[in-house]
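Read off the chains here:
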Amino acid sequence: DSGVTQTPKHLITATGQRVTLRCSPRSGDLSVYWYQQSLDQGLQFLIQYYNGEERAKGNILERFSAQQFPDLHSELNLSSLELGDSALYFCASSVAPTYNEQFFGPGTRLTVL
Amino acid sequence: AQSVSQHNHHVILSEAASLELGCNYSYGGTVNLFWYVQYPGQHLQLLLKYFSGDPLVKGIKGFEAEFIKSKFSFNLRKPSVQWSDTAEYFCAVTQGYQKVTFGTGTKLQVIP
Numbered sequence: 054d055s056g057v058t059q060t061p062k063h064l065i066t067a068t069g070q071r072v073t074l075r076c077s078p079r080s081g082d083l084s085v086y087w088y089q090q091s092l093d094q095g096l097q098f099l100i101q102y103y104n105g106e107e108r109a110k111g112n113i114l115e116r117f118s119a120q121q122f123p124d125l126h127s128e129l130n131l132s133s134l135e136l137g138d139s140a141l142y143f144c145a146s147s148v149a150p151t152y153n154e155q156f157f158g159p160g161t162r163l164t165v166l
Numbered sequence: 015a016q017s018v019s020q021h022n023h024h025v026i027l028s029e030a031a032s033l034e035l036g037c038n039y040s041y042g043g044t045v046n047l048f049w050y051v052q053y054p055g056q057h058l059q060l061l062l063k064y065f066s067g068d069p070l071v072k073g074i075k076g077f078e079a080e081f082i083k084s085k086f087s088f089n090l091r092k093p094s095v096q097w098s099d100t101a102e103y104f105c106a107v108t109q110g111y112q113k114v115t116f117g118t119g120t121k122l123q124v125i126p
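In the order they appear, the protein sequences are chains B and F. All residue numbers for the first sequence refer to our numbering, where the first residue is 54 and numbers rise by one. All residue numbers for the second sequence refer to our numbering, where the first residue is 15 and numbers rise by one.
The set of hints was computed from the structure by calculation and includes no laboratory data. These figures come from a predicted structure and were not determined experimentally. Glycine included, each C-beta is placed from N, C-alpha and C at the ideal position. Do not rely on the hints blindly, as some may be mistaken.
Some chain F residues flagged as far from chain B (calculated, every beta-carbon gap over 10 Å) [stated by the list, open to error]:
no.	residue
1	Asn22
2	Glu29
3	Gly36
4	Gly42
5	Thr44
6	Asn46
7	Pro54
8	Gln59
9	Leu70
10	Lys72
11	Gly76
12	Ser84
13	Ser94
14	Asp99
15	Thr100
Straight-line Cα separation of at most 30 Å, DSS-like style, residue types lysine-lysine; simulated pairs [unchecked claim]:
no.	chain 1	residue 1	chain 2	residue 2
16	F	Lys63	B	Lys62
17	B	Lys110	F	Lys83
18	B	Lys62	F	Lys113
19	B	Lys62	F	Lys75
20	F	Lys83	B	Lys62
21	F	Lys121	F	Lys72
22	F	Lys63	B	Lys110
Just chain B, same shape as in the assembly (with noise of 0.2 Å):
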């Protein structure tokens, strides 16, 4: 258990459709990322927030956009869901702003039907 937890584990939904995914880093962790893992595309970086501020962006679509709460919680808002956002969606914390050992979630399995 690597302390960094997301809900929900699984969600099916529609295309069209908008989610939302929730992920609350490791005590005292400061800085949240989101990735997006599918199978042709591996292993994406999404966006990064530390104490509230968005940090670095990757690959993240316009549709998708993330926020970062004062109590550091973070939640990835996907929105125009269409069958190809269907993956797993990981969220990692770690301390610093700056890219060190980060410690992933479990992930959050998104089904687009």
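Based on the hints, put chain F in the right spot on chain B.
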């Protein structure tokens, strides 16, 4: 843009065989290097990391990796694999404050 290549997509080994997984990156400056492992049905966890110093890094579970700056490589090795090493292995690279780039992963299957 930074890129990370893991040329072996799927490796099958018998128990006790030696393992070497390749990782090459494209950036020529100062980098931080990592290997993560993802066991079936589990989340990624760190195997080892290199920031500076001795280029031969030892990690958990008998894994080690060698940073060869001239070759832009950070290959993962283990002298004798076990069935429990069956997993997917990811190399990751970051440049200082920049975003991390992961390789596409190598699936290792160890046959008892």
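Problem set entry | Closest CB of chain B to the CB of Glu29 (chain F) still more than 10 Å away | Correct as stated: the minimum Cβ-Cβ distance to chain B is 27 Å, above 10 Å.
Exercise. Between Lys63 (chain F) and Lys110 (chain B), does the CA-CA distance stay at or below 30 Å?
Worked result: holds, 23 Å
Problem set entry | chain B versus Gly42 (chain F) - minimum CB to CB distance exceeding 10 Å, so not interface | Non-interface label stands for Gly42 (chain F): nearest chain B Cβ at 18 Å, farther than 10 Å.
Problem set entry | Distance rule for Ser84 (chain F), whose beta carbon must clear each one in chain B by more than 10 Å | holds, 23 Å
Exercise. Do the alpha carbons of Lys121 (chain F) and Lys72 (chain F) lie within 30 Å of each other, as the hint requires?
Worked result: holds, 21 Å
Exercise. Are the Cα positions of Lys83 (chain F) and Lys62 (chain B) separated by 30 Å at most?
Worked result: violated, 40 Å
For this session: Decide if the proposed pair is consistent with the structure: Lys62 (chain B) and Lys113 (chain F), CA atoms, cutoff 30 Å inclusive.
Result: Distance of about 26 Å is within 30 Å: holds.
Problem set entry | Distance rule for Asn22 (chain F), whose beta carbon must clear each one in chain B by more than 10 Å | Correct as stated: the minimum Cβ-Cβ distance to chain B is 14 Å, above 10 Å.
For this session: Grab the minimum beta-carbon distance between Gly36 (chain F) and chain B and tell me whether it stays above 10 Å.
Result: Since the minimum Cβ distance to chain B is about 16 Å, Gly36 (chain F) lies beyond 10 Å and the statement holds.
Exercise. Would you say Ser94 (chain F) is clear of chain B, with no C-beta pair closer than or equal to 10 Å?
Worked result: Consistent with the label, Ser94 (chain F) stays out of reach of chain B, its closest Cβ about 26 Å off (over 10 Å).
Exercise. Checking the smallest CB distance to chain B, is Lys72 (chain F) really beyond 10 Å?
Worked result: holds, 15 Å
For this session: Hey, is Leu70 (chain F) genuinely clear of chain B, shortest beta carbon separation above 10 Å?
Result: About 19 Å separates Leu70 (chain F) from the closest Cβ of chain B, which puts it past 10 Å; holds.
Violation of the numbered hints given earlier is confined to hints 6, 8, 20; the remaining hints are satisfied by the structure.
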